[in-house]
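Student: The chain contents come next:
There are 6 protein chains.
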Amino acid sequence: MIYLTRKAEFSASHYYHNPDFTPEENQRVFGKCSNLNGHGHNYTLEVTVKGEVNAKTGFVVDLKDLKETMNREVVDAMDHRHLNKEVPEFKKLIPTTENLAIAVWNRLQPRLQMAKLHRVRIYESPDLFADFYGEE
Amino acid sequence: MIYLTRKAEFSASHYYHNPDFTPEENQRVFGKCSNLNGHGHNYTLEVTVKGEVNAKTGFVVDLKDLKETMNREVVDAMDHRHLNKEVPEFKKLIPTTENLAIAVWNRLQPRLQMAKLHRVRIYESPDLFADFYGEE
Amino acid sequence: MIYLTRKAEFSASHYYHNPDFTPEENQRVFGKCSNLNGHGHNYTLEVTVKGEVNAKTGFVVDLKDLKETMNREVVDAMDHRHLNKEVPEFKKLIPTTENLAIAVWNRLQPRLQMAKLHRVRIYESPDLFADFYGEE
Amino acid sequence: MIYLTRKAEFSASHYYHNPDFTPEENQRVFGKCSNLNGHGHNYTLEVTVKGEVNAKTGFVVDLKDLKETMNREVVDAMDHRHLNKEVPEFKKLIPTTENLAIAVWNRLQPRLQMAKLHRVRIYESPDLFADFYGEE
Amino acid sequence: MIYLTRKAEFSASHYYHNPDFTPEENQRVFGKCSNLNGHGHNYTLEVTVKGEVNAKTGFVVDLKDLKETMNREVVDAMDHRHLNKEVPEFKKLIPTTENLAIAVWNRLQPRLQMAKLHRVRIYESPDLFADFYGEE
Amino acid sequence: MIYLTRKAEFSASHYYHNPDFTPEENQRVFGKCSNLNGHGHNYTLEVTVKGEVNAKTGFVVDLKDLKETMNREVVDAMDHRHLNKEVPEFKKLIPTTENLAIAVWNRLQPRLQMAKLHRVRIYESPDLFADFYGEE
Numbered sequence: 207m208i209y210l211t212r213k214a215e216f217s218a219s220h221y222y223h224n225p226d227f228t229p230e231e232n233q234r235v236f237g238k239c240s241n242l243n244g245h246g247h248n249y250t251l252e253v254t255v256k257g258e259v260n261a262k263t264g265f266v267v268d269l270k271d272l273k274e275t276m277n278r279e280v281v282d283a284m285d286h287r288h289l290n291k292e293v294p295e296f297k298k299l300i301p302t303t304e305n306l307a308i309a310v311w312n313r314l315q316p317r318l319q320m321a322k323l324h325r326v327r328i329y330e331s332p333d334l335f336a337d338f339y340g341e342e
Numbered sequence: 207m208i209y210l211t212r213k214a215e216f217s218a219s220h221y222y223h224n225p226d227f228t229p230e231e232n233q234r235v236f237g238k239c240s241n242l243n244g245h246g247h248n249y250t251l252e253v254t255v256k257g258e259v260n261a262k263t264g265f266v267v268d269l270k271d272l273k274e275t276m277n278r279e280v281v282d283a284m285d286h287r288h289l290n291k292e293v294p295e296f297k298k299l300i301p302t303t304e305n306l307a308i309a310v311w312n313r314l315q316p317r318l319q320m321a322k323l324h325r326v327r328i329y330e331s332p333d334l335f336a337d338f339y340g341e342e
Numbered sequence: 207m208i209y210l211t212r213k214a215e216f217s218a219s220h221y222y223h224n225p226d227f228t229p230e231e232n233q234r235v236f237g238k239c240s241n242l243n244g245h246g247h248n249y250t251l252e253v254t255v256k257g258e259v260n261a262k263t264g265f266v267v268d269l270k271d272l273k274e275t276m277n278r279e280v281v282d283a284m285d286h287r288h289l290n291k292e293v294p295e296f297k298k299l300i301p302t303t304e305n306l307a308i309a310v311w312n313r314l315q316p317r318l319q320m321a322k323l324h325r326v327r328i329y330e331s332p333d334l335f336a337d338f339y340g341e342e
Numbered sequence: 207m208i209y210l211t212r213k214a215e216f217s218a219s220h221y222y223h224n225p226d227f228t229p230e231e232n233q234r235v236f237g238k239c240s241n242l243n244g245h246g247h248n249y250t251l252e253v254t255v256k257g258e259v260n261a262k263t264g265f266v267v268d269l270k271d272l273k274e275t276m277n278r279e280v281v282d283a284m285d286h287r288h289l290n291k292e293v294p295e296f297k298k299l300i301p302t303t304e305n306l307a308i309a310v311w312n313r314l315q316p317r318l319q320m321a322k323l324h325r326v327r328i329y330e331s332p333d334l335f336a337d338f339y340g341e342e
Numbered sequence: 207m208i209y210l211t212r213k214a215e216f217s218a219s220h221y222y223h224n225p226d227f228t229p230e231e232n233q234r235v236f237g238k239c240s241n242l243n244g245h246g247h248n249y250t251l252e253v254t255v256k257g258e259v260n261a262k263t264g265f266v267v268d269l270k271d272l273k274e275t276m277n278r279e280v281v282d283a284m285d286h287r288h289l290n291k292e293v294p295e296f297k298k299l300i301p302t303t304e305n306l307a308i309a310v311w312n313r314l315q316p317r318l319q320m321a322k323l324h325r326v327r328i329y330e331s332p333d334l335f336a337d338f339y340g341e342e
Numbered sequence: 207m208i209y210l211t212r213k214a215e216f217s218a219s220h221y222y223h224n225p226d227f228t229p230e231e232n233q234r235v236f237g238k239c240s241n242l243n244g245h246g247h248n249y250t251l252e253v254t255v256k257g258e259v260n261a262k263t264g265f266v267v268d269l270k271d272l273k274e275t276m277n278r279e280v281v282d283a284m285d286h287r288h289l290n291k292e293v294p295e296f297k298k299l300i301p302t303t304e305n306l307a308i309a310v311w312n313r314l315q316p317r318l319q320m321a322k323l324h325r326v327r328i329y330e331s332p333d334l335f336a337d338f339y340g341e342e
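Protein chains in written order, with our numbering: chain V, 207 to 342; chain A, 207 to 342; chain Z, 207 to 342; chain R, 207 to 342; chain C, 207 to 342; chain S, 207 to 342.
Derived from the structure by calculation, the hints contain no laboratory data. Just so it is clear, the structure is predicted and the values come from calculations on it, not from any experiment. Among the clues, some could well be false.
For chains that are exact copies, the list does not tell them apart, and a pair is met inside one copy or across any two.
As the list claims (entries may be wrong) - Computed list of lysine-lysine pairs in DSS-like fashion (alpha-carbon distance at most 25 Å, straight line): (1) Lys-298 / Lys-213; (2) Lys-213 / Lys-270; (3) Lys-322 / Lys-297; (4) Lys-273 / Lys-238; (5) Lys-273 / Lys-256.
Produce the entire structure from the sequences given, and follow the hints as far as they go.
Tutor: Right, dumping it as structure tokens:
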């Protein structure tokens, strides 16, 4: 049983705003992130899959397939985008690092066939990251 | 003569758009960066000052002063901001990494007293950066 | 269930010395680290908390609170300090990376309310780190 | 119970080739990695051991011993080597990151005495790594 | 006058061998690098161009062009290759980091039109790199 | 003409104190760094030498020689040491990053024979470094 992790990067804008909050609450809870002009990050995505090593190839997963799936489902959909305005999951959901990790899991999990998705990690910056293992 | 460099980080949004270009030209020249919803980056700023070492302190520059100047003139003004919409230099100027390095130089140069500004480096991502030495 | 990790840095001095050892034993067991003049490191602290995402905020934990707690309980107490001489836990305990991870856990665990402390990781250098999960 | 991780680096060549595959299959499955002239990487090895902290030393493991074991069993055997041609495990096994993690586990596990081997992580590049926990 | 730097990565094999040296000399001068089975690295290439900022675009150089030139002239030619066996410059020249920086300069310099090539930096590992500025 | 750079790391303690200053001045000028118990850092040293490539070896400098010189003159003398108490240059001189870069230059410059010393860079942390080129 091997765990294989591949990274990818994308750059996006976002802001944090709850329409049920008063302006003061949005400011108090979200601080600088509540600026509706948006701000942005270079996100780093780490996808970990888990499986047995195929004796013929030495691979847990076809890396080219994994890369294409990550690009198609996540990078192409989010890179150089405004998460609140252009990524459907965040029409209503606040695009925090936590919710972004869950959204990426939900995009990837149904499309991985050879190996089982184990963990999605999203770095918003080198100093802050969220991990989701599919746990309810 | 010593060159001292200090780093800082800020996160901001931007887009590339020249109003004199047709939509097709903007798309061709700026590609994904022309998306008017904006996208963002974790920028890293490196400021290098040059001077002689003060024999009493061992310093080329008071690091606390340098940090405060960098924070006041650059980080506070740009962090969690939309460069095109909220930073005056980019009302007309396109906020490329190149222009951002020049803008930061112009903000810092008049405010540094103890040591001479030598170089401003801006990383838009770990793979792309611009250096400005104040050369015309 | 999301795991959120935040980093912080601090710089400190320490040495390794067991007063019950002979000088030869201290030298043999601790090598260069037994130098009583002390040496130092840029430590990196990673704190991971675990919890459910709050539907109103998208947060597992209030990041400002987490940062303040980490600063107050760890960074302010250890940054630019001599661990053996100025941090009470190490009056008797040897300030190895292992014991430092446990000490940080014991400082943070009672003060985190919104989310559960999951892991404390301390890097003594980029090449050496210790993880503590609160396991006896 | 503390988990201690130590890193080491080595540089090696390898290629991916299954003699039971046709040339076309080797090309299709392994792509650029199937070039029999070989290509290479700066590998990073992370070894994590698990154990209780020794009250007399503050250590989970004697770091000098751990370093010597890692150097003798892995770095000296693989650094500046061609994995397919000079490392016995890969006479028949394809030296993928996955198989390399398992091979390193099998080399280290019988030689660690003070602490239990918990995880072997191999980075083939900063963007790709494999973890092995000894799980069948 | 702005200096813009872009990075790229490639993985390759090489060895150091001077056919005019005796085996003992090759071993003494080149050490582990003289192993004719080859070993490899993840190389990082940094290309710096210098020029004035175009007022219409804010660019010193068209980044897409620069990336394509770097990929075509360097990455595609060297990635997953054996430098001694597959890259013509190294049929006779020893593929040291120094010679690799010069070879990359000679490949790029005639093909850059918008901006002037200023520096080629090659990292053989995070701890060793060579810079070439085209100086005789 | 090639510039070759090699890195090394060492960990040391220091404090900043000018005996001609009052306690208040030491506190005002040096802040947290004035704590006489000392604090420490993982320093990174980058040494750049400049020269022509030797046609027989492809080297600007014998890397083994350079490494040994750096280890003997700097790393062995400073690693796991207290700069103020154990490194002669800092008996009187304040061990700032600036003065440390000059001290390292003065140690290395007379001992390098094959190539000319071009620059000494010292990182006190990833966010602060000093460069010395031997300029008066």
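Student: Mind listing which of the numbered hints don't hold for this structure, in increasing order?
Tutor: Those not satisfied are hints 1 and 3.
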